[in-house]
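Undergrad: The residues making up each chain are set out below.
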Amino acid sequence: MLGTAHDARPRLRPGPARRWGSMSDLLSRIVTDRSDEAFRSLFDEYRPRVRRYMLQQGADGDLADELAHETLVTVWRKAALYSSDKGSPSAWIFTIARNLRIDRIRKQRVWQELTDEHAASIPSEDQPADSMIDQQQRQIRVQEALRTLPAEQIEVVTLAFIEGLPHSEIAERLSLPLGTVKSRIRLAYAKLRDALEELR
Amino acid sequence: MSITNHPDPATLISFAAGTLSEPLAAVVAAHAAMCSCCRREIADMELVGAALLLQHSLSAQPARSGAAKPLRGRVARPGPGAAHAVARDRLPSPIARAYGLTFATIPWKRLGPGVLHHRLPLSPGTEGDLRLLKIAAGRRMPEHGHGGSELTLVLDGAYSDETGTYRSGDMQDVDESIEHTPVADQNAGCICLIASDRPARFKGIMARLVQPWTGI
Ligand SMILES: [Zn+2]
Chain H
346 MLGTAHDARP RLRPGPARRW GSMSDLLSRI VTDRSDEAFR SLFDEYRPRV
396 RRYMLQQGAD GDLADELAHE TLVTVWRKAA LYSSDKGSPS AWIFTIARNL
446 RIDRIRKQRV WQELTDEHAA SIPSEDQPAD SMIDQQQRQI RVQEALRTLP
496 AEQIEVVTLA FIEGLPHSEI AERLSLPLGT VKSRIRLAYA KLRDALEELR
Chain B
180 MSITNHPDPA TLISFAAGTL SEPLAAVVAA HAAMCSCCRR EIADMELVGA
230 ALLLQHSLSA QPARSGAAKP LRGRVARPGP GAAHAVARDR LPSPIARAYG
280 LTFATIPWKR LGPGVLHHRL PLSPGTEGDL RLLKIAAGRR MPEHGHGGSE
330 LTLVLDGAYS DETGTYRSGD MQDVDESIEH TPVADQNAGC ICLIASDRPA
380 RFKGIMARLV QPWTGI
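Listed in order, the protein sequences are those of chains H and B. Start counting the first sequence at 346; every next residue gets the next number (our numbering). Start counting the second sequence at 180; every next residue gets the next number (our numbering).
Just so you know, the hints here were simulated from the structure itself, not pulled from any lab data. Among the hints, erroneous ones may be present.
As the list claims (entries may be wrong) - Derived DEER-like restraints, expressed as beta-carbon distance ranges:
(1) 292(B) x 411(H): 30 to 36 angstroms
(2) 542(H) x 183(B): 17 to 23 angstroms
(3) 520(H) x 358(B): 26 to 32 angstroms
As the list claims (entries may be wrong) - Pulled a few chain H residues facing chain B out of the computed Cβ check, cut under 8 angstroms:
(4) 433
(5) 438
(6) 449
(7) 453
(8) 456
(9) 482
(10) 484
(11) 512
(12) 516
(13) 527
(14) 531
(15) 534
Said to hold, decoys possible - In silico negatives: residues of chain H with every beta carbon more than 12 angstroms from chain B:
(16) 480
(17) 489
(18) 495
Keep in mind the model is a prediction, meaning the values are calculated, not measured. Just so it is clear, CB atoms sit at the ideal spot from N, CA and C, and this is done for glycine as well.
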């Protein structure tokens with residue numbers, strides 16, 4: 346875990362690119378044939394990750410199970426809606442899990458839209474809709490760029506996105522000034538954004 | 180309409196990660212509804228969240244094993260003309276939807292000379308303060324510092340301070356290091372959505388603003 350200041354090694358797996366491709370196939374299979382087998386693959390792939398995400402955000406085991414299940418059921422139910430909006434499947438799953446966490450663990454009003462609602466809210470004249478392939482490419486690009494970040498930058502973005510810590514708590518956890526945490530986050534994002542800029 | 184002042188990227192990251200406090204998140208959502216650049220940024224930041232969710236090693240904390248239950252059931256299908264009738268109202272749609280308000284129906288209450296407000300309720304147990312504020316033309320607000328983060332989004336009119344002028348859609352994102360003296364536009368005044376994650380601090384500001392009147 347990234348729980349202690351001295352353990353800042355990034356925990357990234359090698360060879361992720363294939364995963365995005367298979368994820369996209371999986372979603373199209375869910376949309377088209379609605380097979381139990383497709384759902385089982387989705388469930389196997391994401392349930393442990395979403396469950397652990399919920400645990401890290403303070404859910405107990407039962408609630409984490411419930412919320413992981415609910416996240417994937419939402420994916421299953423809304424897959425047809427989603428396919429028409431052409432976003433990144435993984436970003437969509439992330440936003441469903443994030444919103445459930447705010448609503449059910451923090452018990453606060455959710456102001457964040459789901460990724461599919463974003464896509465829908467961008468007027469077409471303003472921003473042409475990306476194709477599913479483009480979104481897939483963007484997702485892969487982010488993945489690659491993440492692996493080039495210095496460990497201290499990966500650490501802060503992971504604490505924010507995966508452990509759900511506000512900047513002030515990241516500062517406390519790492520015994521760093523708040524300003525340092527914010528500037529590491531800005532630096533990390535600037536690099537990821539540069540990587541994506543090439544695709545625009 | 181061109182928006183020139185956006186949230187700090189670190190604030191947007193918190194929003195995308197879902198770690199921003201409820202009142203601050205409300206203001207970012209309202210800004211994003213007015214600003215396609217920031218919607219785009221947020222979508223990119225969500226890709227980062229997704230990448231981390233997938234990449235992060237599972238080995239540290241093995242999940243409990245369990246079989247997927249096969250699911251049967253209705254699939255949601257896109258309805259006719261779903262979702263995107265965007266009402267053009269000066270009150271951003273996230274706020275309008277959440278509180279059932281329109282710009283014209285905000286139940287303003289007088290707070291002091293030239294100052295009206297409407298407080299927007301937060302979830303039980305949530306710290307902070309979220310409110311709409313209407314400042315008369317040319318009215319000067321007392322100089323103040325900030326005990327925590329404060330976000331201000333201009334909905335109508337404009338205001339200026341030492342750092343510049345903020346117009347409709349602009350967001351001022353300040354932390355404890357900033358001291359400023361905002362003045363509402365000489366002609367139009369200013370209507371804004373303002374949030375703080377430190378209620379005590381904000382009350383202090385408001386108290387000075389309306390002295391000797393009371394009633395926060
Ligand atoms: Zn913006």
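Undergrad: Please go over all the hints and tell whether each is borne out by the structure.
TA: Tested hints:
1. 292(B) x 411(H): 30 to 36 angstroms: Given range 30 to 36 angstroms: violated, Cβ gap about 53 angstroms.
2. 542(H) x 183(B): 17 to 23 angstroms: holds, 20 angstroms
3. 520(H) x 358(B): 26 to 32 angstroms: holds, 27 angstroms
4. 433: holds, 6 angstroms
5. 438: It holds, given that the least Cβ distance between residue 438(H) and chain B is near 7 angstroms, below 8 angstroms.
6. 449: This hint is violated: residue 449(H) lies away from chain B, its Cβ roughly 12 angstroms from the closest one there, beyond 8 angstroms.
7. 453: holds, 5 angstroms
8. 456: It holds, given that the least Cβ distance between residue 456(H) and chain B is near 4 angstroms, below 8 angstroms.
9. 482: violated, 11 angstroms
10. 484: holds, 6 angstroms
11. 512: This interface hint holds because 6 angstroms falls under the 8 angstroms limit.
12. 516: Violated. Min distance 12 angstroms.
13. 527: Holds: closest Cβ of chain B sits about 4 angstroms from residue 527(H), inside 8 angstroms.
14. 531: holds, 5 angstroms
15. 534: The hint holds - residue 534(H) has a Cβ within 8 angstroms of chain B, the shortest such distance being about 5 angstroms.
16. 480: violated, 8 angstroms
17. 489: violated, 9 angstroms
18. 495: holds, 15 angstroms
The structure does not agree with the numbered hints 1, 6, 9, 12, 16, 17 stated previously, though it agrees with the rest.
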